[in-house]
Every structure is written in C-alpha cells, then in structure tokens.
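Protein chains: 2
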Amino acid sequence: MATSRKQYAVARPVYSEERFTDDHEKVFRKHKTMLDHVKECLTCNPKRAKNAMLSLLPIIGWMKIYRLKEWLPGDVVSGISTGLVAIMQGLAFAMLAELPASYGLYTAFFPVLIYFFLGTSRHISVGAFPVLSLMVGSVVIRLVPDAEPPANITDFEGLSRDQQRVLVASSMTFLMGVFQLGMGVLQVGFVVMYLSDTLVSGFTTAAAIHILVSQLKFVLGLVVPGISGPLSIIYTLKKIFVQISSTNICDLVMSILIMLAVFIVKELNEIYKAQLPVPIPIEAISTIIACGVSYGFNFTTRFNVTVVGKMVQGYEAPIAPSMQILQESAVEAFPTAIVGFAIAFSVAKVYAIKHDYTIDGNQELIAFGFSNIFGASFKSFAASTALSRTAVQESSGGKTQIAGLISALMAMIVTLALGFLLEPLPTSVLGALVIINLKGMLMQFREVPYLWRKDKPDCVVWVSTCLSACLLGLDLGLAVGLGVELLTVVFRTQFPRCAVLANIPGTDLYRDSKDYLHIFETSGVKIFRIPSPIFFANVEFFKDKLMAAVGFNPLRVLRKRNKALKKIKKLCQGDHLDFTARELGDVYHQSTDDSYKDMEALDQPTHLNAPPFRVDWNDKFPDGISVPRVDIHSLILDFSAVSFLDIAAIKGLRRVFRDFMRIDVDVYIASCDAYILEKLHSCVFFDQEVLPSVFFLTLHDAMLHVLEKQKGNSCKDRVMKNTKL
Amino acid sequence: MATSRKQYAVARPVYSEERFTDDHEKVFRKHKTMLDHVKECLTCNPKRAKNAMLSLLPIIGWMKIYRLKEWLPGDVVSGISTGLVAIMQGLAFAMLAELPASYGLYTAFFPVLIYFFLGTSRHISVGAFPVLSLMVGSVVIRLVPDAEPPANITDFEGLSRDQQRVLVASSMTFLMGVFQLGMGVLQVGFVVMYLSDTLVSGFTTAAAIHILVSQLKFVLGLVVPGISGPLSIIYTLKKIFVQISSTNICDLVMSILIMLAVFIVKELNEIYKAQLPVPIPIEAISTIIACGVSYGFNFTTRFNVTVVGKMVQGYEAPIAPSMQILQESAVEAFPTAIVGFAIAFSVAKVYAIKHDYTIDGNQELIAFGFSNIFGASFKSFAASTALSRTAVQESSGGKTQIAGLISALMAMIVTLALGFLLEPLPTSVLGALVIINLKGMLMQFREVPYLWRKDKPDCVVWVSTCLSACLLGLDLGLAVGLGVELLTVVFRTQFPRCAVLANIPGTDLYRDSKDYLHIFETSGVKIFRIPSPIFFANVEFFKDKLMAAVGFNPLRVLRKRNKALKKIKKLCQGDHLDFTARELGDVYHQSTDDSYKDMEALDQPTHLNAPPFRVDWNDKFPDGISVPRVDIHSLILDFSAVSFLDIAAIKGLRRVFRDFMRIDVDVYIASCDAYILEKLHSCVFFDQEVLPSVFFLTLHDAMLHVLEKQKGNSCKDRVMKNTKL
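Chains as they are written, first to last, in the numbering used here: chain A, 1 to 725; chain B, 1 to 725.
Just so you know, these hints were derived from the structure itself, not from any lab.
Treat identical chains as interchangeable: a pair holds within one or across any two.
Straight line, CA to CA, 25 angstroms or less: simulated SDA-like cross-link-like pairs of lysine to any residue: (1) 239 / 442; (2) 354 / 545; (3) 543 / 521; (4) 651 / 490; (5) 566 / 553; (6) 349 / 191; (7) 651 / 491; (8) 514 / 632; (9) 26 / 700; (10) 6 / 700; (11) 6 / 698; (12) 354 / 567; (13) 349 / 65; (14) 711 / 631; (15) 454 / 490; (16) 545 / 490; (17) 26 / 519; (18) 651 / 557; (19) 47 / 60; (20) 651 / 356; (21) 32 / 490; (22) 711 / 11.
Work out the full structure, taking the sequences as your base and the hints as a guide.
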C-alpha cells in the first residue's frame, strides 16, 4: 500500500466477551425498574406542582411574554382574515357532517374558547376539519338516514330530523372528546407516531375523494340521499349518474365560476405572497358576491337553486349526549379522535419548528379533549384544525391564540347578528368552495410513482390505505392501513438477505463472499451474517438459510451418526462384515418403528467413548454404513445487526446451537449487542452445552480464536497455512 | 499484555466505503427482478411438470416406497385405535358445533378421503378439532339461535332447525375450504409464520375456556340456549348459574366418574408408555360402558338424562352451499380457515421433524382446502387435526395416511351399521370427555409467569390474545392478538437504547461510554450508536436522542448564528457598538414577524465569505450577540444494527445531515450494511451537501479519518495529544 495513504494499525489481545469484561472494569449501572418510574411519577414537590400547573395551562406561559404593542396588531389582522375563512369553511363543512349550516359556525366558536386556554400551539386555527366532518357525517347518516326512518333511539322522540342529527353529531363529538382526554391523561400521545406520513397521505387522499363525491350533489344541484357503510362511495356515484340529466345548470355554472375564481386568486396569492400584506380573502369575497347575486335575482324561485336557508339565530341551550348514541357511535368515534388529534398535532408541529417553540402532544390531547367535550355540549361538532385555515392564520401575521379568539368572535357576530345575510347563499357555492380546497389533498396522488420507485413497501401502505379507506369507509380503512403498515415493518425484517462472509485478504474485514473477486474463505469455518432482528416470523427462515449455507442439517447428521454408531458396535461385537446397503436401509426404516424414546435417543449427543475407538466421521466407512460428510469445524454467527430477540428466537437459536455442537461443530457469536447478551443470560440461554464463552467482540477476534484452537488441536495444520492474518 | 495470550494485530489502510470499493474488485451480481421471478414461475418443461404433478399428489411419493409387510400391520393397529378416538371425538365435537352428533362422524370420514391423496403429512389424523368446531358453532348459533327465529335466509325455507344448522355449518366449511385452497394456490402458506407460538398458546387457551363453558350445560344437564357474539361467555355463565339449582345429579355424577376414569387411565398410559403396545382406549371403553348402563337402567326416563338420540342412518345426498350464508359467515370463515391450517401445519411439522420427512405448507393448504370443500358438500363440518388424536395415531404405530383411511372406515361402519348402539349415550358423557381432554390446553396458563420473567412483550401478547379471544369471541380475539403481536415487533424497535460510544484505550473497540471506567472520549468527536432499524415510528425518537447526546439542536444553532451574522454585519457597517441584550431579544422576536422567506433564509447555510472576516463561532462575541457554543467538529453514527430504513427515516436522516453540516459539524456513518448503502443511492440521498464519501467501514476507520483531517487542519493539535491510537 502506498505510504501516502492513511494507515490503520492495531495490536491488542484477542477478546472474547468474557475476557473483555475481565480486562476492562465495567461500571455498575442500575436500570430503573417499572416501580421506580411509577414512584418518580407520583413524587410531588412544589416545583413539580408548579410545572404541572403551567403545563396544564399553557396560556400562562405565553401570556407572560405577550408583547401587546408588537403582537396585537398582527393577531387582530390575522384573526379577522382567519375569521372570514373560518365562517365560510364552517358553513361548508357542516354540509359534510350532514347538519344545517349554522352548526358549522358553532364549531368555529366553542372549541376555540377552550383551546385558547389549554392549547400549546400558538398558530393552529381550531375548528372544523373536512375529514372529521365527513366521519361525523357518516355516523349521522347511518343513524338518521335521508329516506328511511331513524334508528330506534329513545332520545330521538319528539325531535325534528335536523335536531336528531345535531344530537347524533354532538354525542359522537362528546365521545371523541372523552377518548382524546383519556389518551391525554394516560400520556399515550405517542400513538400518533404509528400514523406515518405515508399512511396519513394515503388516508387524506381517500378522504378527499369521499369529500369530492359527497359535494358533487350540491354542485350539480341534485337530491341524493346520503349513504354510509362499505362501498358507499360507489353507490353514491351510481345514484348521481342515474339522475345526471336533471342537473341544475344554474348551480353548475355558478360552481364552475366560483372554482375558477378561487383557483386563480389562490395561485396569485401564492405568487405575490411577498408583496401582499394579507392574502386576498377570495372565498369570503366570492361568497358575498354569490349571496348578493342569489338574493338580487331571486335564484331560489327562478332557477330552483337550493340555498342555505333559515339560519339558527343566536345560540341554543346546552344538551347532554345520548347514552344510546354513544354506544352506537363508539366504533367510529375512536378513529375520529385519533385522526383529529393526528392532523392537528402534525400541523402544529410544522409551525412549532418554524417558530422555534415546543408543543406537548399529551397536553394537546387534553386541550382537544376538553374543547370537543365543551363544544359538543353546545351542539358543535368534531373540531381539529384545517391546514388551509391555519396557513392563513400564520401567514397573515398571527402570533398567538389571540388571533384564534378573534376569529371565534367573528363567527359569533355572524351567528348572533349577521346570519340572515347568508340565507340566500346557494349550497352549490359552498360545495364548490369545499371542492376547490381539496386540490392539495388530491395532489398527493403524485406521491405514488415516487414511492414506488423509492420504497415498494411504503407504496403498498399508501395504496392499500387509500383504497381501503375509499372502499370500506374512513374508519375501517384507517384500521386496515394501520395493519398493513405494521405488517410492512415485520415484512422488512422477515426475509433478511443472509450472507456467508469471508475475509478480505490482508485485513480484519469480512464481506459477503459472493461480492468480491479476491476474498478468502478459511476452510472449515463458516461465517454467517444475520442482517436483521430475529423473532417469531423469521426464525424458521433464518434456520433454513443457515442449513443451506453450511450445506447440511445438523440434526439429520447427528441421527445418521448415531445409527452408524449402533451398526459399528454390532460389527465390532459380532462378525457381520458383509452388511449390504439394503440392510442398512432396513435399519433406518426400522428405527422409525422404535418407540418415542428410541427416537429421542438418536437426537442425543454421540457418545464416542462407548466404542473402544475414536470415530473420524469424515473417514471412509465399511460398506453399508454411510454418514454425511461435515466439512466445517466452526460456525461464526455475525450478530451485529440483530437488534432484538424474542422468546421464539431464543428457543430456536438454542436448538441450532445444540444441534451443531452435538456434531462437534463449534458455534461462536460475534458483535453481539450488550443488551442482547444480558437478555440471553436472564433467559437461561446457557447450560453445560451452550457456554457464555462463545461470544467474541468482533468477527476477527472469533476467527483468530478458532484458528488458534485448531492449531492447538494440531491435527489440521493446513488450515493455518492458508491464512494470512 | 501477557504474551501467553492470543494477540490481534492488523495493519491496513483506513477504508472509507468508496476507497474500499476502489481497492477491492467487486463482482457484479444481477439481482432478479420481480419479472424474472414471474418468468421463472411460468417456465414449463417436462421435469417441472412431473415435479408439479408429484407435489400435487404426494400419495405417489409415499406409495412408491410403501413397505407392505412392515408398515401395514402398524397402520392397521393405529387406524383402529385412532378410529375409536375419532368416533368419540366426532360425536363430542359435533355438540360444540351445535349440530346433531351423527354429523361428527361424517367429519371423521369425508375429509380424510381427500387428505389421503393430497396431504403431505403421513402422521396427522384429519378430522374435527374442538376450536374449529366451536368457531363453526358460534356462526350456527348466530344464524339459527335456540330461542329466537332463524336469520332471514331464503334457503332455510322448509328445513327443520337441525337441517338449517347443518346447512349453515356446511356452507361455512365450504367457504373455509375455498379460502384455504385460494391461499394454497397463491402460495401464501407463509402467513402462518405470523401466528407465533405465544399467540397460538394464548388463543388455544382462550378456546379451551370457551369449550369448557359450552360443555358445562351438558355436564350439569341444564338447558341453556347457545349465545354468540362479544361477551357471550359471560352471558352463558350467568345463565348457567341462574339455574344451577336444577342440575341433573345423575348427569353430574356420571360426568365426574368418567372424568376421573379417563384422567387416571391417561396418566397410566403415559407412565407405562414403553410397556404398552397400544394406549388403553379408555374413551371408547367408558363410552361403551356408559351406553350400556344408560340403556340397561333406562336413564332417559328414570333420571330425565338427555341422550344422543336418533342417529342419522347412513349418508345423505350432497348439498350445495347457500350463497346468503356464505356472505353472512365470510368474516368468521377466514379466521377459521387460518386457525385450522395453522394448527394442522404445526402438528404436522412436529412429526415431520421427528420422522425426518418434509411437509409443504402450500400443498397442505390445497389438501385441506379440497378436503373441506368435499366434506362440506357431504354435510361434514370444518376439519383440521386434533393434537390428541394425532398423538394416538402416531404412537400406536401409524406410518402413513393408510392409518387415517382405516380410522375413516371405522367411522363409516358406525355411521352405516352401528349408529343405533350409540343412541342411549348420555350427552353429559360426551361433555365430560371433551372437558377432560382440555387439560393440555388449559395447562398452557403455566406459561404466563414464565413469559413474564423472560420477555414482557411476549407475555403481553399472550395475555391480550387470551383475554380478547375470551371476551370478544375467537375470531375478533385472533385479530386483536395479531394486531398486538405486530405492535410488539414495532415496539421493540421503537424506543431503542441509543448510546454515546467511546474508545477503549489501546484498542480499535468502541463501547458505551457510561459502561466502562477507563474509556476515552476524543474531544470534538461524538460517536452515536443507533441500535435498531430506523423507520416512521422511531425516527423522531432517534433525532431527539441524538440532540440530547450532542447537547444542542443544530437547526437552532444555525438560526442563531445567522441572526448573529446579520447583527455583526450591521455592527461592521454602522457604529452601533452598544447593543444591549434587550435589543437582541427584540431582533429575535421581530424575526418571527418576517415573512416565510425570511424564516427560510435563517435556515440556509451560513455564508462566511459574506463579511470580510472569518467567524470563530466559539469565540467571545460583543455584548448583545450570543451564539450557543458547539464543541464538536465531527459526529460519527454507528449504523451496524440498522437493518433497514424506510422513506420517513431517509428523509429524517437527510435533514439531520444537512442541519449538522450547515453548522460545520462533519457527519460520518460507520458499518453501514451494503444493501442500505445501495438503497440510499437509489433514493437520491446524496447531493452537494451530503456526499457518499461519509461512509466508513468501521468506527475506527471513521475515527482515524477524523483525526487525520483535524491534524490536516492543524488548528486543533490538542485533539491528537490525547489519542492513544
């Protein structure tokens, strides 16, 4: 090698794990037990109490540093622009939840009040989120269908259909809030980690398709009853296409115009982001124009256009949730709670990183839990955040939840005083606004080819989540997607690419023997690399690969040897020297006649001291006795990538060790993680046959040990001649 | 070090992955694409055709080597003893499936005929299995309840209740067969790998509890309607206890006597296994005695004992499955198919290993698929194997499926001719036989403390599978158990014990710096070990741990530096030398006012060439400018245990790289798997900032490179002084 190149030189003893522990003093570290953690959790002192108080009321934290003069103007401007969007979205998303439009305004008001005090994010705009609204809507439509009589629920008695629907939505929202609060109190906010970006992307794309389909009827001005349950999307499309000829042209034209206008202005907003102080509130503008036009030309009577109609003036008395509905909607409320939190948390995280503050997942759960419970009592429905609304709030200068509070006040003003102005608004305009806002979510389809090229399992997760959420409904689809996602993790480690390693001459490095031209396999030693954790799903696969790599099944070899030994003993005792192959066959087959105990005897280690001579199993035997050749004396397993073992793996590994050792093949493990070693000790992996001295620090340590041992045996000198170590 | 000890010495160049590839010629290996695999699958030649034929009809394989004289006696003896057991179990398990007893005899006959030709296991006894019978029974009771009218299914018209039940059971069995056949054809037999031993143990224990509860009514002689659905076990127990005072004493006494007799004789069978040629068929003997006594003393009229009653004489015409029932039972038929196959396969594997032949999972699926479809047409119900019956067949000398065929013929004889003899048999006797045979399954409870001590996650899987299968029913319980099991795999890698490594002086070894007393951390270099694969669920956790290990957040440092730079530029231009801390705070907070573009600018790499001087970020700054100290210049990530990366991990890793490099911390990766390196290349991980030259073969290679580079920089000589490499 050229001297100009950096050199690696090391001289040290060959270390087995045992020797290494002897040589290098280890620090005794006490690991905390579960009890310690619980104790720590329950300890109370004034400081902890204060911190807990502060973390439960994050408003104290940011109110203390609030800079009135600098932040308030931004918050007010942002609150007003967000408020306009929130009002429009509230009306539109209420239609997704199959509720009268005014309840969308409630959702833009009540949950915000609580989040203001409890939320840790300073930038998200709390309120309706289309996916959640749709999930609420599917329960509403299941319990109070359009065409059929409502479900048999006692609390429905004496209520109009809309009131029944509001009761369903608010009861489900209440339950969702309880689930969120419960998860927050139990500190299990980390479960959202399982909702990977890929899964969320596939899921929200499916949700966008659902939303698109559900809004088609408004845009086309058709009367299509809502359908819930698996395949509902197909049935809905069918019903729409059946009556497509009755499309209301006025609705359609108006929708297309609105969509075009919103699309173009939003693009302009994006392009001139830097120049504009506040994005143009095109949705509010187009709504106002549409209201005016609809009112002025009397669309309702002239073109038979459906309008928002009578708004509920002011707020209504709080209601209690219905126990029966809670039971009926529990299966759907849980995924709704998870999705609502996951979306809000991921949006909040983006802005927290951008503005360099921390958000607390569990506190967010508590905040949303209380917000939803409070909101549900006042007839609002499931609240989370909408990406688009939050973007408006942040980009128009919002610094804290004061902006959110102002947007809530705007919703209140509309509810209390200006609601009547929105009554002539055609529903097709709201539908068009919803659809045009789906652009971002639908664009996620572009991820599919990207994922396919980069990582097939991730692509499978995306596609299966999207497909199942589309076809089976959002709740079932999410469960299926989660299942597939967990399976991919298992799958990635299930068929590991095991390899036989060999030495790169002149180095202490070992690489896949098939990968390099000049590579040296020491005869008599196999090095087998397991490139993944070992657990129930791959332990058999790993054993098969190992057998294939060494070229024989140790248990079968052991049995053949034991049978041959019986035979040899007979030969030694009597004078039956003319055994034929046919007779050996008989012995073999007769042995399967033996009782179970005899079978087990064949699996015992060969007792070489029984006959008065030593057997070299690779020698030639008399005719009629054949034993498979075993051409290795040592097997080294590279454990560097084995990050965990479960019980099935430990049992399987023990069997492998035992089987190989019984046919005199030494098994060593190299580069084993310290924690795995600890675990093997605690699981009584070791006994007289399997000793803890088989662990070596590196492959090269193990190899040097093997070579030394073989030299010590001095019967196989040729092994050493070939080694250039 | 003592010279007597083996020494490790190596001298070679320092290798980065790039240099290593240059020095050592790599073999180009073409990996098969999916297309290649498909092509290979579809290639046909005479040899492949013959092999396929042989693997589809395994009977040809073993018939050719059948030794008539030696094997036939064993097969006949075994067939007769197994037949006796099969008849008893058939009658008893039919009660679990809520069917008249004679259909249990059908199940002991029809499926065996097909398995004889198609099965690869030579030792399992095909027929009813209690868990499957119970799963069939739960569907039967759901569609044709005891007390209420049957479900609204047109095919039920004109059928008696028993006929309706037989139709339900056979339709569900048909569907189960179709699922098994489909899986066999699609070659997905590997899915049973997901049913780990722990899961199966928890599941069968729950099944045993269900069976126990379902048989109580027979043993006590009570009339309790069957209940299905979640919590049915609780409701059934409640109904039993409500009427416990009406217990039929005759039934109870007889059951207890039978259980005692069977228990004792089975223990004796076990103890004198070696001496007995065939285990004592105590079940058959006690049944015959019970029949005789019941007939002789006329139990039916005298003690009001329920008996088996009129048996169907002979076989009935085949029936077609009902489409409506197929739809209704699809959700249950799938787990039934999986469980049936999984049990049969695991039992078959035990005997295949013992007798040294191979079984083929996919062929087994095909065999059971056809067996069940064929059996279902002739009104038999779900077939798999029962552990106890297979043990009898093997231990009494059965060599091949000829024994199975003979046991089937015995069932036929009873059906055709001797059925009337069983008519006076009390159902309580059958119940007692079922219960006493649950001993083995219930004993699995002993695994719980063992698992808890050895491996907590495995214990959680056992307990949650058992509990959910008990409470939610077997099908839902299996799904929950599977979900929990998959979650444990994710969980084991989700919170990895990351560690900061340091050098063991005088060696090339790196260990957890907290674990050893004499360990050396090179100043300015952090070595961080990630002891698990990185994927969506732990990438954030890993990032947090890394930040904690290095002691700072690189993105935040970068922003502070860029802000400080702005400030310094201002200072250089103007004469504002008396900045106060308060004003810096303002700058910081004002910067959050900046539009998004300004925020992004702060995240850009610091352009040091902009001001006319070089900034040493760890120097003291003028008052009012504070930048966090960064006391490392290099970060080495130990990737030896990273067995896979998904898209989320690659994205996260890229961000980590970028953030550290932008604050002039070099990041290196050591011991990266070759396949992961390939994947990073294919996922466009590298660009001008992140270069592929950061990969080193070992930690020590990376460390030597770092030290060399720092020496080259010649500004930090002190780093070298401390190293003893």
